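Number of protein chains: 2
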Amino acid sequence: MADRIRIAADAMGGDHAPEQIVKGVVDAVNSRKDVSVILVGRQKGIEACLQNLSYPEGTIRIVDAPDVIATADHPVEAIRHKKDSSMVRALQLVKNGEADAFISAGNSGAVVVGGQGIIGRIRGVQRPPFASLIPTKRGSMLLLDCGANVDARPEHLAQWAKLGTIYMQSVMKLEHPKVGIVNIGAEEEKGNSLVKETFPLLKEMDERGEITFTGSCEAREIPFGTCDIAVCDGFTGNIVIKMYEGTGQMLLSEMKKAFLSDMRSKLGALMIKNSLKTALARFDTEQYGGAPVLGLKSLVVKMHGSAKAGEVKRAIEQCVEFYHEEIAAKITAYIENNRL
Amino acid sequence: MADRIRIAADAMGGDHAPEQIVKGVVDAVNSRKDVSVILVGRQKGIEACLQNLSYPEGTIRIVDAPDVIATADHPVEAIRHKKDSSMVRALQLVKNGEADAFISAGNSGAVVVGGQGIIGRIRGVQRPPFASLIPTKRGSMLLLDCGANVDARPEHLAQWAKLGTIYMQSVMKLEHPKVGIVNIGAEEEKGNSLVKETFPLLKEMDERGEITFTGSCEAREIPFGTCDIAVCDGFTGNIVIKMYEGTGQMLLSEMKKAFLSDMRSKLGALMIKNSLKTALARFDTEQYGGAPVLGLKSLVVKMHGSAKAGEVKRAIEQCVEFYHEEIAAKITAYIENNRL
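Residue numbers (numbering that gives the first Met the number 0), protein chains in the order written: chain A, 0 to 339; chain B, 0 to 339.
No lab work stands behind these hints, which were simulated from the structure alone. Bear in mind that the values here come from a model prediction, so they are computed numbers and not experimental data. Do not take every clue at face value.
[Unchecked claim] Some, not all, of what chain A presents toward chain B, calculated at C-beta under 7 Å:
#: 1; residue: 49
#: 2; residue: 183
#: 3; residue: 237
Ideal Cβ placement from N, Cα and C applies to all residues, glycine included.
All chains, full assembly: derive it from the sequences and hints.
Quick look at the structure:
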C-alpha cells in the first residue's frame, strides 16, 4: 500500500452521507490503483453502507468518530469542541501523516477553519481560498475565492491570482493561464473599492512575469469562459457560483415543463433528448469534484453539500492529481522566492 | 396635451440609438393616449429615423442636442462638461418642469450622477439605488441596488429595503412584499460584514412594521423568486444580474447548438419550438423595461445598453405607472414620518 495516496474522507458530511460518500469512495478505489481511503465517521453506519459493495482488500479502512459537525454549527466552535467529530478526526489523520489529503461535503466554514487550524497554512500564505473549477462554454475556469474569505483585502486577491496560476499550470497544463478580476464592467475604473485597489497589484505582478493579467472579467462573461482564472472576494465568488447553479437549475426546470406541455412537445423532447443531454453534461457540477482550499500544507477538498458518489470519486481523483503535481511544494517555492 | 405624461428620452444612448429608441417611442405614443415624448439628441438623425413612421400629431417633439455622452466617458466629468449632450439636456427638461420623467439606455454612471445632480434627490434619501425588476420562476423580484452604489453601508441597504417596499406595493400591488438580503447562506451568521451589519437593521424595521423582512435570500434562490425584494450593495447586485443574463445566454446558445447537431434533433427542435418559446419569453429582459433610480424628485429609468424598441416602449409605460402611483410623493411622506 506504500505507493498509494491516502485520502481521509469525512464520511458524515453532506446531504447524502454516509451512503453516497461510501459509494464514491468504493468506486474510486475500484477504478484506480494509486489510491486508498480512510473512511472517518460512525463505524456501524459506514459498515452498513459497505455491505454488498466489493473493493480490493486493504484499500479502505474505517476510523470511528462518534460525533458529527452539522451544517448549522458555528465553524470555530465546532472545530474547537467537537474533537470526536468525523471532520476533526479525519483532519488529524492528515496532520499526523497517516493520510495525504482530506475530503468533505460538510460544513464549509468548518472545513476552512479545520484545514487552517489542524493541517496548517503554508508559511506566507495569508488567507487560503476555496478554488472552484467551474464549467464554461470554452472549457473550465478557476474561480477563487469561492467563500472561504467573505471579506478580503487587495493583497489577498493578488496572492490568490498566483495560487490560481500555479494550480492551472499544474493541473490543467496551461502554460500562461489568463487571470481576470471579477468585475461589473470592462474598464479599469469600474468596480468597487476592493477591485480598484487590487487592479494595480495585479498589473504589477503581470509586469514582473508572475501572472498573465487580462483585466476585468465581467460577470456576464464568466459562463462563456473568457479567462482561465477569475479572482474575487469570497462573498462575490460564492454569489457567482450560486447564481450560476441556480439559474441553470431554474431554466432547466422551466424547459422540462415546456417539454411536457403538450403531445407535440413531448415527442419533440424525446427526439432532442440525447443531443441535449450531451450538450449539458459538461455543466454538471458533479463532473468537477470539488473546491480545493489552496495554500494549506496538505490538500483539503470541499465538495458540494449535495455531493453524490460521482462527485466523491472525482474529488479523490483530484487529490491524486494535486499530490502528484506537488502543488503545495510549488506554492512554498513561489512564496520563498518572492518573500511574500 | 395637458393630461399626457411627458417623457424626456435620451435618443442617443445605447447600442441601437437612435433608431431603436425612436421606434420604441413611436410605438409607445401609438399604443397609449396618456403619454407624449420629447426626443433629445441630434435633430437630423432623429428626423431621419422618424421618416416613414406615423404617430398622433403633437405626441412627439425633438429637442436638438449636438453632443453625446459615451459609455466609456467618466460619469462625473461627462455630466459636468458635456452640457450640450442629449443626456444633460433631457435631464434639464425634467428639472425645468417641461418633462415628468427621463429615460436613457446610455452610460449608467452618468444617469445616476446626472439624475442626482440635475434632478436632485428627495430630501433624506441618502444614496438613490438602481432598482431592477428581474424575472423569476414565480413572477418577478425587485433587486436593488443593481449598480448605482458599488460600495454601500448598512444604512443604505436598510433605506433601499423601504424604497423597494413602496415600489412593489405601488407598482406590483403587493400588500406586504417580502424583503430578503442577498446572501451566501440561509443562516443569520452567514455573509460578509456588510450583510451581518445590515441584518439587525432590517429586523428592527420589520418589528416596527415598516417592511416584511424574511431574512437571507440565497443567491441560488434568486432565479426561483423566493422573496419579492432583494437588497444588496450595487456591486453584488450587478454581479447577480449579469450572471443571470450571462448564464441564460450561454445555456441557450449551447441548447441551440444541440438542436442543430443532427437531423433527429433538428426535427425535435421544430416540434418543441413553440412551447419552449412561450416558457422562456417571460425571462426576456426586454419585457421588464428598465431600472428606475429610486429616491429622485422625478423618475429616471435606465434601460439596458442593448435596449431595442420593445424595451423602450416598456420603460415609457413604466414611467406612466410610476407617475400615476405618485411613488416620489410616497417616498417623501415615509421619510418625513420617519425622520430618516
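To see whether the hints hold, each was checked on the structure:
At its closest, the beta carbon of residue 49/A sits 32 Å from a beta carbon of chain B; the interface hint therefore is violated under the 7 Å criterion. Among the interface hints, the one on residue 183/A holds; its C-beta lies about 4 Å from the nearest C-beta in chain B, closer than the 7 Å criterion. Nearest Cβ of chain B to the Cβ of residue 237/A: about 4 Å, under the 7 Å cut. The hint holds.
Checked against the numbered hints given earlier, the structure breaks only hint 1 and satisfies all the rest.
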